[in-house]
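Asker: Residue strings, one per chain:
Number of protein chains: 2
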Amino acid sequence: MSAMDDLMAYQRDTEALGQVAGRLEWDQETMMPRGAAEQRGEEIGALEGILHARRTDPRIGDWLEKAEPEDEVDEAYLRHIRRSFERQTKIPAALAVELARVTSVAQGIWAEARAANDVEQFLPTLEKVVALKREQAAHLADGGDLYDALIDDYEEGATAESLGAMFDRMRPRLVALRAAVMGAAHQPAPLRGHFPAEAQMRLARKLASGFGYDWACGRLDLSVHPFSSGSGTDTRITTRVVEGDPFNCFYSTIHETGHACYEQGVDADYLLTPLGGGVSMGVHESQSRIYENQLGRSRPFTGWLYAQMTDTFGDLGLGDAEAFHGAVNRVHAGFIRTEADEVHYNLHIMLRFALERELIGGTLEVRDLEEAWNTRFAQDFGVAVDQPAHGMLQDVHWSVGLFGYFPTYALGNVYAGCLNKALRAAVPGMDEALARGDATPATEWLRENLQRHGGLYRPRDTVRRACGFEPDEGPLLDYLEAKFSEIYGL
Amino acid sequence: MSAMDDLMAYQRDTEALGQVAGRLEWDQETMMPRGAAEQRGEEIGALEGILHARRTDPRIGDWLEKAEPEDEVDEAYLRHIRRSFERQTKIPAALAVELARVTSVAQGIWAEARAANDVEQFLPTLEKVVALKREQAAHLADGGDLYDALIDDYEEGATAESLGAMFDRMRPRLVALRAAVMGAAHQPAPLRGHFPAEAQMRLARKLASGFGYDWACGRLDLSVHPFSSGSGTDTRITTRVVEGDPFNCFYSTIHETGHACYEQGVDADYLLTPLGGGVSMGVHESQSRIYENQLGRSRPFTGWLYAQMTDTFGDLGLGDAEAFHGAVNRVHAGFIRTEADEVHYNLHIMLRFALERELIGGTLEVRDLEEAWNTRFAQDFGVAVDQPAHGMLQDVHWSVGLFGYFPTYALGNVYAGCLNKALRAAVPGMDEALARGDATPATEWLRENLQRHGGLYRPRDTVRRACGFEPDEGPLLDYLEAKFSEIYGL
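Respectively, the protein sequence lines represent chains A and B. Quick note, the first sequence lines up with residues 1 to 490 if you use the UniProt record's numbering. Quick note, the second sequence lines up with residues 1 to 490 if you use the UniProt record's numbering.
Isolated chain A, as found in the complex (with noise of 0.2 Å):
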């Protein structure tokens, strides 16, 4: 056995393991009886010790001064393999122990603080996960950025000046768009009445078939927040019901489906490699991005679902298809980036990005953050947010120091803007599939163009070759004007 084959054979059990966490993940959100709550912790917490004592196992990087690539996928699997060894080699055990002990705890005050409204509450432990965030970082940063050091963690050679230029020129347009649709004369009307459970269930089934989600592989269920979960032969997908709003459930679906169908396009012979999953959450949002909303609130297919869900619920008291369309993509004022349109989304976001990346930087304190949150809000939005648990306590992220994952939603969406536009540029009658709900011809272009490819390449490349151009704002921001002018008649 070569190094090379060693460390791969390590690897894959490695990679294997990783794919039991997912499931008891997956199993905690959807099937756990609610008393095994404390034991399933103390399971977690074994298997992740475990896989914290192997990918940091010195042997790793005996193995990666000895091995020889023979092509470029050997190469690929050697870069993933060596990019995790450092970065968890880098951070001194004693600092990784206290960051999860701090952020375990974090998250319980995070929740209290949202439910109370209560900022003080939480700005001493926030005070503290940002000081080790930062600690954390500048073991990785090696001099350089410590904001850059955290965003690489989940999008491996994006950099605050990049995003940051890039959420420059797309702010202006946006926070323009913004005011012209909710400024607009003609107003869709929401969509109002009860759906039973089980009928969203139904058509939450067919809406993944319709995408091409491969259910031998697979699994829809209901869970509070929905997710997807695994890789290869295994990729779950859960979603929600309200019964007064479908597009929840339905919208759910897609999204969840987008990311499913990434990992089920994977090369099978990158399972269980570093390469046998979505390059980056960038990436991967785009996928469910670009799955949710420039096929799945497309024109021609609001219109197949409009006919689907008059023959299942009968009439939904909006006229036509056409005022269905309108619903379906209604922009709403609002302070919940969870609850944003796609015009709202990405001011969300680029909130977020500017001042957790002040926090991280140390040009921002803790406890101004609210005060700079408010300021922000006020100037994108036009309201003023009107109690904290709508302001900055509203996510979780920052709790379990999730800082440089934002902006990677946002980067999604630019992703799925290019790809978009490649893809109806390459696959001809695209309209006409959409509108018989059928969305699989999208899928096999993106799995011929990007999903397949797995971690081959690194993400901004993966998303260039597909489309065949370096990937910017403009297509999106050009899609996003087109399509709201339209609809609101701007």
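Possibly wrong hints are sitting among the right ones.
Said to hold, decoys possible - Beta-carbon label-pair distances, calculated as ranges:
(1) B/194 with A/196: 22 to 30 Å
(2) B/108 with A/205: 27 to 35 Å
(3) A/61 with B/225: 54 to 62 Å
Quick caveat, the hints were computed from the structure, so don't treat them as lab data. Yeah, the Cβ is synthetic: ideal placement off N, Cα and C, and Gly gets one too.
Put chain B on the given structure of chain A with help from the hints.
Answerer: Using the frame of chain A, we list chain B on its own:
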């Protein structure tokens, strides 16, 4: 940290990882998408590799040498850990690998041979498995009896000699009872009809509740073969539904509820320790059997079930509760162990015990097994085996190397007989409660007197302490003779 503390902390993680493996098995039988089988094999393999390495880690030997127990609980911890460590380390790694390899292939070959009804197809493989199990037993036995060494894995302290003597005492009484029952003039009619799956499952949940199953720490799902899984606060059960035979679902559910209540009833202090589950296969089976048979098939309980079923399904076409009791307890000729009634069941086990004892002892050749099986079957069951799939090819056990496992089923029945005698003497009003569908007084007594101890005492001592007398076959045989004499008017 003392050696005792180090050892227990290490063991706790191992126990937690063992629970994780259990969750994966549960998932595989209930939830896993069918396309994930191969990937799952790798995931389980990686986890089993970790578990095996942990269980044979040389540090355990050092800790065991230095650990100083402070009380009987510590002593029991050390006893279990030492026992497991010694068993694992006595077997050469190459033999363990070869056994795993051969039995994994053998299971498939057995399944094909059974489907083809072809003994010859299976014999070379079974010969290999027997030879490897004899080799394994020789490593474990330290010059003692080979078969004892294998039994000891499932039932600490049980020996072929004591089991053989007990089975020799049971056999004539069971053979006589079987003949008398089958020759009786009065034969109860079987239940016939169509019983919708959903209604069966609703009643199955009610049954589990009636026996005190804690739903906050468990759940009920469907699987091909019913099983219970997990320990402590996450103890799940499965059942199956055959729409023409609701007793299949109901009594499988009660049986698995017995296993699960045992796990749920273990003292919470023992969670994720070597004492945190049922102490042995035999004692485990005593819980499932007393729930299923002595309680669940008792006249007061079937009276309640009759009312429930007529409420749910309408007229059952049997006439009255008495006829229903007869249908539940109907004794029927049959070749298959898993379909056997209370009168036939132990005869199936004794046959397998006698044959596998000789196979492992070297006094019966694999090529002579079929004839030996068929001869013995004709003697005890009064009919000739009509085809190998109904004879020596019916069970999976031998193909996967489970020699020494069968006798624990009969031992469980014997223990259930003893516990039932003690329970009836100790708990007044048992029949009145059962007549209301309430078996929780039995669960409470069993929890207090047996279940809560987990692995604290040795298996036989566990039962003896609960009963207040030395367990033997007497109470079971008395119970069977009385019950079936009455039902069949002997």
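Asker: Where does the structure disagree with the numbered hints, that is, which hint numbers, in rising order?
Answerer: 3
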